[in-house]
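Protein chains in written order, with my numbering: chain A, 1 to 314; chain B, 1001 to 1497; chain C, 2001 to 2280.
No lab work stands behind these hints, which were simulated from the structure alone.
Fair warning: there could be bad hints in the mix.
[Said to hold, decoys possible] List of simulated lysine to aspartate or glutamate pairs, EDC-like, C-alpha gap at most 20 Å:
no., chain 1, residue 1, chain 2, residue 2
1, B, LYS1488, A, GLU113
2, B, LYS1323, C, GLU2242
3, B, LYS1488, A, GLU108
4, B, LYS1241, B, GLU1267
5, B, LYS1488, A, GLU116
6, C, LYS2274, A, ASP68
7, B, LYS1088, B, GLU1048
8, B, LYS1488, A, GLU93
9, B, LYS1483, A, ASP87
10, B, LYS1088, B, GLU1049
11, C, LYS2174, A, GLU13
12, B, LYS1483, A, ASP68
[As the list claims (entries may be wrong)] Partner residues are not named here, just some residues of chain B that face chain A (Cβ under 8 Å, in silico):
no., residue
13, LEU1482
14, HIS1485
15, ARG1486
Backbone N, C-alpha and C define an ideal beta-carbon position, used for all residues, glycine too.
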Amino acid sequence: MISTRDLTKTYPEVEAVKSVTLNVRAGEVYGFLGPNGAGKSTTMAMLLGLVKPTSGQLSLFGTSLENDYFAIKNAIGVVGENPYFFDEMTAWEFLSFHADIFMIESKENRINELMENVGLRQYANIRPSEYSRGMRQKLSFVRALLHKPDLLMLDEPVSGLDPHGIRQIRGLIEEQKKSGTTIFISSHILSEIERTADRIAIMHKGKLLVEDNLDGLRYSVDQSVRVNVEVSNVPETLSGVLSDIPHIVDHNIDGQHIEIRLDATSDHRAELSSAITASGATIIGMETRKASLEETFMTFTDDNVIGLSKGEAQ
Amino acid sequence: MRKFIAAILLSWLGLMSMDTDVRIVAADNHDDDKRDLPGLVDKTEKREEFVYGVNAYNGTLYQGVFHPPSVDTIYLLADTINIISPRKTLIYYWAVTNEYKADFDSMNEDIPGTLEIKLKGELVLTVEPTDYVIQYPEGITRGAAEVYLGGAAQRKYGEWEEALRMYRLDVSEYYEASRNWRTDLTERVQSGKVTSEDDVLVSQPMRPADFLYSSTKVFRGVPLNLPPGEYDIQMRNDAGKIVADSVKKLVVFQSDRVGVGYTVIPEDKWTTPEQTYNPDEMLYVRSDNTLYLDPFFESEYNEQYFTHLEAPQAPNFVNFDWKWVKEENFKISDSSRWRRSEDADVTFIGERRPGPHINDEGIAYDMQVVERDMLQNPIEFEDYMVRQNPGKALGYEILEAMEGLSQGMRDRSPDFSAFQIIVRRSIQDLEVNLQGDDGAILSGSGRTVDVVRGSGSTDLFLALILPIVLGIVMVGYRRYSLKIHREKLASASIENS
Amino acid sequence: MSDTSTMYKQIQTALTIHRRDFRIAIFGPVLYIVTTISIAIGIVIIRNYLNYIESNGLYPMPDLFSFPFRWVIILTSVYLAFSAVVAIARERESGAMELLFYGPVDNVSYVLGKYSAQLTVYCLLIILYLICFFILSNIAGVQIPANFYMMMLLSLFTGAYLISVGVFVSTMSKSVRSATLVFITLIASTLLIQASQAWLSNIAPESDYYNPVLLLQQLLGWIQVVLTWLSPFSYLNYGVNEMLRGNMTAFLRVIGLSFVFCITFIFSSIIGLKIRGVRQ
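With the rest of the complex left out, here is chain A:
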């Protein structure tokens, strides 16, 4: 769906994007992560043809914007980071205007349907300037979905929303995903990406550090699995037993709580469980925990991250 090779954008003062090669497959949800100034917005702008690349190749739907500008643009829906609306228009007029841009037939029905879906139908003849942040974001979504795009590009879709709003947006994204729309999401909200994305790319200082599914990302950062075991008693031999198990990378006994890192190449939990029981301890509970996206992200981007992942304002 989207493919770039060595995509670069250099400004006089800075090289914003350095040789980015990414690939978004049809029908997937692609998470595009990175700290502030990583080059995400610039990359998105280049993908949308808003900024001309300094060098590199870029294709959408297997062709370039120069070859088929209108066909490509007709297949893309975009929700920008800062939703903008024309002050003098009501929500209905705004959507109607965009429906005309996309030359949508039966635009009234389509607008009604989408507005109903997001619960904005009764506010259609009010100016968006009077809307709340969440309502404006939903209206942006409606605008992006008017023409039933094959590719949906979202830039910080849940930024500034309350949990209820986030949930609604998430529902919209899920719905589009089910209908087979390819979704490209750029966000700081790692938890949302973690929930929805099939594959994730991480940008840092203009470079694309990694592009993989979540498990693959985790594995590239940490090849072990964390297992938390709760025991009723801790025999003295327990630590020695655990040390003898070759698939245990390391362990830490804290009272009745044992934190163990197991080699993730295969599942060694049964062996672990047997070893603990054989040592004389009684297992009360066992929990397997994978590295979170946040941890993975932090590892990739080192110490340049400020206030990320919890949905904090920039």
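Given the coordinates of chain A, work out where chains B and C should sit on it, guided by the hints.
Just chains B and C, lined up with the frame of chain A:
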């Protein structure tokens, strides 16, 4: 951007202050003692320079101008004789009028040599100076100028001197005859032989007509009669060298259009006539008004060129404007209308006034009038007199000259001659043209007289109602439709809930 | 996509943008305020003429309405050009332009849509002014000459030219502020240079040799020549004067040149937007 605007503003301020700097520089050149004496004009510095003195024909008469070294282009009319005189003189800068002046009284030396004219770099004409004289046989303001060169100049000047001598003789004879007549009249009155005015007037001597024949002295200059074009001019002295400061551009131009203009005299303000030059002009007039139109020939010239022809040191502007120049009145008829009548025994004392006007080709013109596409009676060119109301009463009355004559205005000539147009309230507009006795309309003589019925009253502002109402309707409609939609939605959502 | 299809899409998109901008213009109050002020100024001028005719009985002039109409047109076209400047610059500054370019909107359709909206408003205003002048003509009892319609025709082209300049300035500017400053500077400098030249020309140089006044006179003279060939105001004045002189060749030439410059600036706006980009 801020820097750019600051630069412009600063430049502007700099330009404003530059005038002061120039004046300061000028002041420094003046004598120190004079600077201490307030009210005295600073002694101006004069320097010897080569200049071109030009007798330039401006369509009506010859105008004497000079071109100092600071002027790089001479402008002349095409297809007519102009005289260029290379001179050496003293020039000085005259701050009062921002121009250079020439002190020909102190120095006015002839520069021997030939004048060379080049066109696109190629020498096309070499002319040597010759004697010339410029004369106006019918007077400077009345007839055409005549230029005589070489031997003819001397001869015509001699004729003028002879004519002047004869006129002076006539005048002295007239004074003598007047003295004798008055003496004779006094005797006759005292002896009771004079019983009425008629007895007095019949034998009064005629004063000779004014001597209008005008002439310059015989001077030396280079006559040029060139077709339109842009030339280069230079003076080559007898040694074969180009005289310093003599190289200039020479722009010879012609009129773009010729036409007929009018001096329009409104009845109620006859002392402040208006001029209409442009044949496309309208004459906007108040209704219930009478106008008097006196035609003249005119030509249209490039304004920049013409201005520099008359004032070579005028500022240079980028100017694409055109200028109509009055050139000559319609020629007077050979036969005066005012001749001694056998019955009335009346004549005018003083100068003869013109009869019907004719142009060069001997055609007499009337004014054709068209009102609402219908031809009206033509209007003849008439003479008019202005009679002031006597005593303390203000105002005057314009009468046809014959009428004035019959009312006793015998001791004066007509005040003006014109076509009379009476503008009644019922008239919408009129088209006027000069029509010759051959039936042809004189090109460029047409004018539209538009009668203005309304005045500049505040009623005109009623036109503002349209945009204001339109604005209220459009803005109101927008707000109303929004309000209606909201109300519909509000009621729809109440129903749904 | 074939060229024809692309052109069709561009035209359709341009029409959509045109409709939107046109609605904004005609449903906003500012347009009518400017129109009213313009006509009011024209009325004041006409009134002065009529008062003069009333008191003096006579006033020869080419046309009672041409000078007031010129003022009306100049004010209106400057306002519409300025509207274009602000509209486009504001959209870029706020992100609305970017929003549009998310969809099937390209440089060509955007510029054409924006420009055509202002031009349509201008054409409608010309008709409104014609009606107003008809009313004035009836009140004043003065007929409108045929020249007036020729002048209207000319003003369509010179106004279109000025609006295209506004669009160009706006597409090249970063923000509303810079676009406004550039536009005002352009208009003001045209007048400033003319005034400076007039003022400087009155200073006769005291020396024939090197003199900064001479140099400045020369420089301003050259700039003035360039401006005369570029300025829409000069074209309007020149065209009207030549039309009144009956020089239809010059009149048509002015119309032709205005059209050519208009197309040049529109084309430059399209290229400029491509180079400048959509983002601030």
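Of the numbered hints stated previously, which ones are contradicted by the structure, given in increasing order?
-> 4 and 12
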